[in-house]
Amino acid sequence: MPIAETFAALRAVFGDLPTSEFRGATRVVVPAERIYEVLEFLKGKHGFDLLVDITCVDYLNYPGAKDRFGLVYLLADTDANQRLTIRTFVNEPEPVVRSVVGLWDGANWLEREVWDMFGIRFAGHPDLRRILLPDEFTAFPLRKDYPLQGLGERHNFPVLTRGKS
Amino acid sequence: MAVADLMDQVATTRLDELVSWCRKSSLWPMPFATACCGIELMAAGASRHDIARFGAEVFRFSPRQCDLMIVAGRVVMKMLPVLQRIWQQMPEPKWCISMGACASSGGVFDTYCVVQGIDRFIPVDMYVPGCPPRPEQLIQAVVDLQEKIQREGTMFGKEFYIASRQQTKRALQEPK
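From first to last, the protein sequence lines are chains B and E. Take the position in the first sequence, starting the count at 1, then add 56; the result is the number in our numbering. Take the position in the second sequence, starting the count at 1, then add 173; the result is the number in our numbering.
Read the hints as simulated data drawn from the structure, not as lab findings. Mixed in with the good hints there might be a few duds.
[Claimed, not checked] Now the in silico label distances, taken between C-beta atoms and shown as ranges:
#1 B:G180 - E:Q313: 51 to 61 Å
#2 E:K321 - B:F213: 46 to 56 Å
#3 E:S235 - B:L73: 52 to 62 Å
#4 B:G208 - E:V255: 14 to 24 Å
[Said to hold, decoys possible] Derived coverage of chain E by chain B (criterion: at least 3 residues anywhere in the stretch with Cβ under 8 Å from a Cβ of chain B; other residues may be distant):
#5 256-270
#6 279-287
#7 292-302
Ideal placement from N, C-alpha and C gives every residue a C-beta, glycine not left out.
All chains, please: the whole structure from these sequences, using the hints.
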């Protein structure tokens with residue numbers, strides 16, 4: 057199915073969603089509260105069967121940005137060999153979107169990674185724990201307001217000396 | 174048997190020196206290789222450079238069987254408790270080589286998760302500079318460590334307690 061038809065079907069169901077294209081990569085921006093419906097629609101009716109990645113951008117202090125976090129869902133249609141980027145925006149103090157683990161099991165770890173690094177909560181996720189950082193970590197290090205060298209986490213260990221060990 | 178023949182068959186030395194000579198000639202490394210330095214560590218163990226020439230070829234992956242920890246590569250904060258536990262599991266006497274810029278100082282990775290030098294948290298005997306160091310440099314560190322063991326080593330490990338006193342004096346924490 058050509059991408060233009062998919063866009064037309066999306067507009068017919070969800071209203072006028074902003075779209076853009078850059079060098080063959082197409083993007084659709086959807087409101088955060090409808091992200092699950094849009095992805096379900098694209099997976100069920102338009103053959104976007106593969107969730108390639110979920111990632112996030114922090115737009116703190118970004119010129120012209122209106123929202124804090126931009127979530128990015130990369131989809132692929134493995135039959136028609138088409139790709140589509142779905143974007144949505146969430147804001148503090150409670151950045152939350154609905155989890156898509158119900159659609160793709162592979163979203164489990166991807167959403168955990170976004171939670172780990174950016175602190176975006178995925179409502180309905182079966183096991184929203186940290187995936188890369190240690191469990192006792194308290195910050196979300198890929199947020200722009202987190203200092204590059206951390207808040208002392210890397211020095212918060214006992215010192216072993218010859219006498220002690 | 175005459176007493177004159179005895180001098181050809183007997184050598185006299187101090188017990189500390191004899192023990193140190195035994196220890197230095199049979200170092201058993203524990204390869205704690207986390208990054209590209211680990212590749213150079215493997216090269217040092219392979220036939221071209223051949224760390225076996227210096228008696229340190231028996232790499233064991235159980236800390237219980239080792240007495241030389243070679244930390245090759247960056248250590249992140251999630252890995253450091255593992256490193257400390259492995260260090261504690263090694264039997265005494267034990268030594269540590271910090272191989273490469275990352276293990277010694279964090280290297281270029283001055284970020285929230287990378288430990289800025291393992292010597293902040295475990296004792297280190299030898300530092301090997303380089304990114305990564307060549308196998309010759311690691312072998313040089315082993316040879317230097319052997320010299321250190323021979324020079325300072327004692328049968329009951331007195332030298333370690335002196336070293337621990339020196340280490341507590343150092344400023345280990347990052348300036349606020």
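Hints and how they fare:
1. B:G180 - E:Q313: 51 to 61 Å: The hint (51 to 61 Å, Cβ to Cβ) holds, given that B:G180 and E:Q313 are roughly 58 Å apart.
2. E:K321 - B:F213: 46 to 56 Å: 26 Å, violated
3. E:S235 - B:L73: 52 to 62 Å: 58 Å, holds
4. B:G208 - E:V255: 14 to 24 Å: 20 Å, holds
5. 256-270: Our answer is that it holds, as 3 residues pass the Cβ test (under 8 Å) against chain B, meeting three.
6. 279-287: holds (count 5)
7. 292-302: This one holds; 4 residues, not fewer than the three required, reach chain B with a Cβ under 8 Å.
Of the numbered hints given earlier, the model fails hint 2 alone.
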